[in-house]
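Participant: Using the hints provided, position chains B and C relative to the given structure of chain A.
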Amino acid sequence: MSAPLKVRINGQPIESPCPDERILLDLLREDLNLTGTKRGCDLGTCGCCTVWIDGRPTLSCLTLARSAEGREVTTIEGISPGTGMNDVQRAFVEKGATQCGFCTPGFVMTATALLRDRPHPSREEIVRAISGNLCRCTGYTKIIEAVESAASGGTS
Amino acid sequence: MSAAEPPREYRLLGGRIPYVEGPLKVTGRAEYTDDIKRPGMLVGGLLRSPWPHARLRAVDVTKARAMPGVYAVLTGDRYPTPFGVLPITHDETAIAVGKARYIGDIVAAVAASDERTAEAALAAIRVEVDPLPEYADPQMGLGPVAEPIHARGLAGSNIQKEVVQHFGDVDAAFALARHAIRVRGNFAGVTHGFTEPMATIAEATPDGRLTVWSATQVPHYLHRALSEVLGIPMHRIRVIKPEVGGGFGGKSDPLPHEIVCAALALETGRPVKIRFDREDVFLTNHGRHPTQNEVRIAADAEGKILAYDIQAVIDGGAWSSFGTVTTYYNGVLAMGPYRVPNFRYRGRRVYTNKPPSGAMRAHGGTNIRYSVEVALDELAEAVGVDPFDLRARNALPPHSTTVNEFRITSTSFRACLAASRSKSGWDGKFRKLPYGEGIGLGAGFYISGSNSPIHFTPKMPQCTVHLKVDMDGGIAVHCMQADIGQGSNTLLAAIVAEVVGADLERVHVIRVDSDVSPVDLGSYSSRVTFMMGNAARRAAEDLKGQLLRAASELTGHPVDQLVVGHERIEVRHRPDRSVSFLEALHKAMEKVGALTATGAYSSPPMGGTFKGARAGTAPAYSFAAYVAQVRVDAETGVFQVDHVWAAFDCGRVLNRLAVEGQIEGSVHMGLGQLMGESMNYRTTRLMNPSLLEYKILAPQQMPKVDCLLVGEDDPEGPFGAKEAGEGPLVATLPAVANALYDAVGVRFYDLPITPDKVVKGIEERRRSGRAWKGE
Amino acid sequence: MHLHPFELHRPTTVEETVRLARGLPGGFDWLAGGTDLLPNYKMHLNVRPHLIALGGVDELRGRSGGRVGAMTRLGDLERDSEFGASYPGLAEAIGEVATPLVRESATIGGNLLVETRCFFFNQSLPWRESLGYCLKADGDRCHVVPQKVKCYATFSGDVAPALAVLDARVEVAGPDGRRSVPLLALYDAAGDGIRRTHLGPGELLVAIDLPDSARGMPANYQKLRVRPAFDFPELGLAAAGRIVDGRVESLALAAGGLETYPRRFDELTGPLLGERLSEERIRALAESVRLAVRPVHNTFLAPDYRRRMVAVFVRRAVARLGSVPGGTAG
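Residue numbers (the numbering used here), protein chains in the order written: chain A, 1 to 156; chain B, 1 to 775; chain C, 1 to 330.
Where hints are given, some of them may not hold.
[What the hints assert, rightly or not] Among chain A residues calculated to face chain B with C-beta under 7 Å, some are:
#  : residue
1  : G40
2  : E94
3  : C100
4  : C103
5  : T104
6  : P105
7  : V127
8  : L134
9  : T138
10 : Y140
11 : T141
12 : S152
[To be verified] Partial list, derived from the structure: chain B residues whose beta carbon lies under 10 Å from chain A:
#  : residue
13 : Y19
14 : A30
15 : G193
16 : R275
17 : G487
Don't read these hints as lab results, they were simulated from the structure.
By construction, the Cβ of each residue, glycine as well, lies at the ideal position given by its N, Cα and C atoms.
If we strip away everything but chain A, and leave its shape as in the complex, we get (with noise of 0.2 Å):
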């Protein structure tokens, strides 16, 4: 049996005796209740479950909680300020980017990261960094809108 795991989640230190095999997705969901990341694949293809570790958008289904061992990891409860909303959110939430909203929380962690990294990005490169999540009820259209309008300090 190894040591418990270490690991900080959305800035607090959390020790869990986690087995080795354990998933970052259900070290989450099953045992610490932080329900926003979503489980809609299980594989690695839909991204509902997107994550950041020490920053990087990481697909918690295909992640060992092992893995994020001594690092930081954010989840949409994590960028969201206390009752309130980000840039984004809100973004998404004004263009209507989010329908049945299983998929959101991926997307606003892609959308988030993107926007810190880049934040006045293409349109192009607001498609292809989105690519890694599925959606099904928006045709992606308004979430495009949604990212576009975030970046743009929502004039847009």
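Facilitator: Structure of chains B and C alone, referenced to chain A:
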């Protein structure tokens, strides 16, 4: 994307109303079924048949039952009562009884302390079977078969439902026709692909009640099925619908696992959760039927339609589901926006040993309208007339009756044609773009709510809405309508707010809970906007009346001099005399306490009296004319749809954001079926039960979509509105297929149109010596 | 979906890793990015009781000039603009792997050794059980080409062909020390979908070495798939070479996504060296490459179509390397 928005007559309705649950969804705070945990909750697991068709000789669960951590093991004999979404075709059971009918059919279930234990218990179950003949091809089931999949198959065959209809005299019309077109379509099955896998939690408590949380589009039908199969009266069952991560029809049947989950809860006395893997979702399917159809159209010298003669063989898979409706729709939804004076249809839905087909967005209309619209494109070419002119020539006028006695009220189909023709620049492009580029037209037509409720007893409205307002001034809205992401909660809140003059944030749509939500039949058949919208409006008018009477008392002005303003009630032409919403509310509450209000909707009588006359009747219909522009790489067959001009008639637009969202999502889903989505079977085995191998389109494949919303008010729709959830899908597919023809001169009758088919089609055309657009 | 219990080992040096690998009873797998291994483990495909995670071995990470650590993430290489400018064809191939999210975790070494794929293999345990399993996992027969000897699972990496045309070498560490071999010597052309590399027990990839000649070499990569994201290659064709004024100074072609291993076509391109290209010559080359490959029906698109596209891609690849007639669309 939209053109300049017309001036609005309403404060909220007609604008862009962000979804009310949006802030919860973007922050991960919206609660879906799998996000819920109950104390002491067990994990439910399902053993699925590895056999396509087999008689179950013995299911030995002794070993599994004895395993530590296993709380219950169920087989089919425990709750064998058949059920199904349609009362006339109850042929499903919670767990297979007697035989397994497809690879994936549930043959046993367990409840265990955790996932690993459940898996081990399932592996310990021994099933002995006699394999039975396997039926993969519906054509093989049209006549008597050695082992019918269901005893109810027609005359010893696997035919689940046969529909034969004939109106007018089709043979006479063909004898007179100047043009006769025949198209034979072949459509792979497709599935919904919602992102949230099904999940259900059930909990039986010592007070004799059963609570079920489930990802469903039809909480009421689930409620009924649970009661019927488990033998518990409905009032002792409570159905709760948390947020649902998409449905598109895939959660519109009561499903076996929901009943199994409840049964396991009853057996164990503990809460039980069943959460699906993605493969379970594919095996549960209920998606669009694999279909072979044949459309013959007779027309006169000017291209006026004289007759349709249609046949369809529909692959139903292992169960009936909505199949009887599907069989009718494949005929009656073919006529659509056109006047068709003579009509003949023979449709047969056939059981096969595959995952069941069912209702999927634009159910029953998508495949047949594809073949019809491709045939009309061919007809236009044969007649030598522009495809737009051909369709305008045949357009059904408003307030008319079809040959099969559908009542058509509003139709803005001609306005749809005019809008997509001008906005797309059609006249400068059609047959004028260079080889490899093309533009095409497809038209759509869909029901705005089925006129027939699925259940007739007891007789009741199709939707009821309750409002409750207490001294806090918040308006609680209760209704069993199922928001599955399409925005019905938002519309419900907006209608109430609009009518009573309240701010939207005053209105709280309460989560669907059968203990408090009055019945709405659910989210299917594009019924919610029309039916719930009307019920909500009536409930809100009821509340408004109560507030106006109170305001009358306060102001001394009679009710007919009062009008609702924003958060106030005003005396007409006397802006200085008004009372606030809260003042009126508190006055109204003086004698009765919290106010309640109610509204309901029942569709008016309509349709003919012949057998099956009700199928496809609706209080209104949506119409569409889409133009698509494509670019084809003629060497690889890979093509890109660059632009879709989606002219759509949903009557008055109530929430522009939601209508656009439905159109854009529909275009995406329709293109998916056209470009690559397919349930790939080798005989009865599904080869691609994963989101990696089931090809939902990537964002790069999405065209620019212009939503051209040209509908006029419908006389019976709420504020003049009609559906916008399913109709927007239909026209997408033929518009692109006809554009491909314009691009490379090849007709495609087999869906999906994968690049290999494009290459092959071009090669065959060249081999036949036919050049195209100076290639 | 949960994983079977295993023990996870996290060495920090190559030497420690090699030592560790020798003493693990019951077998082990390397864990690189996990984006290929963990889905397979979730489907209970050839699982092992030990996993050796390579993420903590510093030497395996990062790039220095033409040397790329095997554990360098594809996403990091994608963001490395100097790398992209130096090796344009390689950058194209990396940018086409799966999805941006997968590339954040997936490593270049992992992509070189990605498990071969097949419709009858990449399935859940119950799915495979219903068919009696297959040669590659738990069974004794092949369902693609019915027989009991050879596995036809398809090599589905994008990066290997793009590296192969640049004459890349790989450094391998193992119980017998380190060795450097040409990339394609890693793959067993006489093997099959199961016996697919020449890596010995306990050998791991340390780094990829690109020769100086590769820097700035005109190169490209084309990928056939149903969607421009998500999908594995149904055909991946890499090309590199210098064609000056229509004359071939150097030319290499390599393909993946067709057979059980990635391969180059030197025997077909060799005769063109020093020759002047013509439309007929390019077509003949394309046709000869098409005839040389033998895809089977174990992926989404039909094998005869994939094979035809080999010819189209070869023509386009050569056209992009040098401005020559007959290589464009239409």
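Participant: Determine for every hint whether it applies to the structure shown.
Facilitator: Verification of the hints:
1. The closest approach between the C-beta of G40 of chain A and any C-beta of chain B is roughly 5 Å, which is under the 7 Å cut-off, so the hint is satisfied.
2. Because the closest C-beta pair between E94 of chain A and chain B is about 6 Å apart, less than 7 Å, the hint holds.
3. Satisfaction of the interface hint for C100 of chain A is found here, the shortest Cβ-Cβ separation to chain B being roughly 3 Å, below the 7 Å cut-off.
4. Evaluation of the C103 of chain A hint against chain B yields a held restraint, the C-beta minimum of about 5 Å falling below 7 Å.
5. The restraint placing T104 of chain A at the interface with chain B holds, with a minimum CB-CB distance near 5 Å, inside the 7 Å limit.
6. Below 7 Å, beta-carbon pairs count as interface contacts, and P105 of chain A has one with chain B at about 4 Å; its hint therefore holds.
7. Residue-level restraint check for V127 of chain A holds (minimum Cβ-Cβ distance to chain B is 5 Å; threshold 7 Å).
8. The beta carbon of L134 of chain A comes within 6 Å of a beta carbon in chain B, closer than 7 Å, and the hint placing it at the interface holds.
9. Hint status for T138 of chain A: holds, given a least beta-carbon distance of 5 Å to chain B, under 7 Å.
10. Annotation: Y140 of chain A was flagged as interfacial toward chain B, and the flag holds, the nearest CB pair being 4 Å apart, inside 7 Å.
11. Using the Cβ-Cβ criterion of 7 Å, the hint placing T141 of chain A at the interface with chain B is satisfied: the shortest such distance is roughly 4 Å.
12. Because the smallest distance between the Cβ of S152 of chain A and any Cβ of chain B comes to about 17 Å, over 7 Å, the interface hint for this residue is violated.
13. Evaluation of the Y19 of chain B hint against chain A yields a held restraint, the C-beta minimum of about 7 Å falling below 10 Å.
14. Of the supplied interface hints, the one on A30 of chain B holds, with its beta-carbon coming within about 5 Å of a beta-carbon of chain A, less than 10 Å.
15. Taking 10 Å as the C-beta cut-off, the interface hint given for G193 of chain B holds, the closest approach to chain A being about 5 Å.
16. This hint holds: R275 of chain B has a C-beta 8 Å from the nearest C-beta of chain A, less than the 10 Å allowed.
17. Interface restraint check: G487 of chain B against chain A, minimum CB-CB distance 7 Å, threshold 10 Å, status holds.
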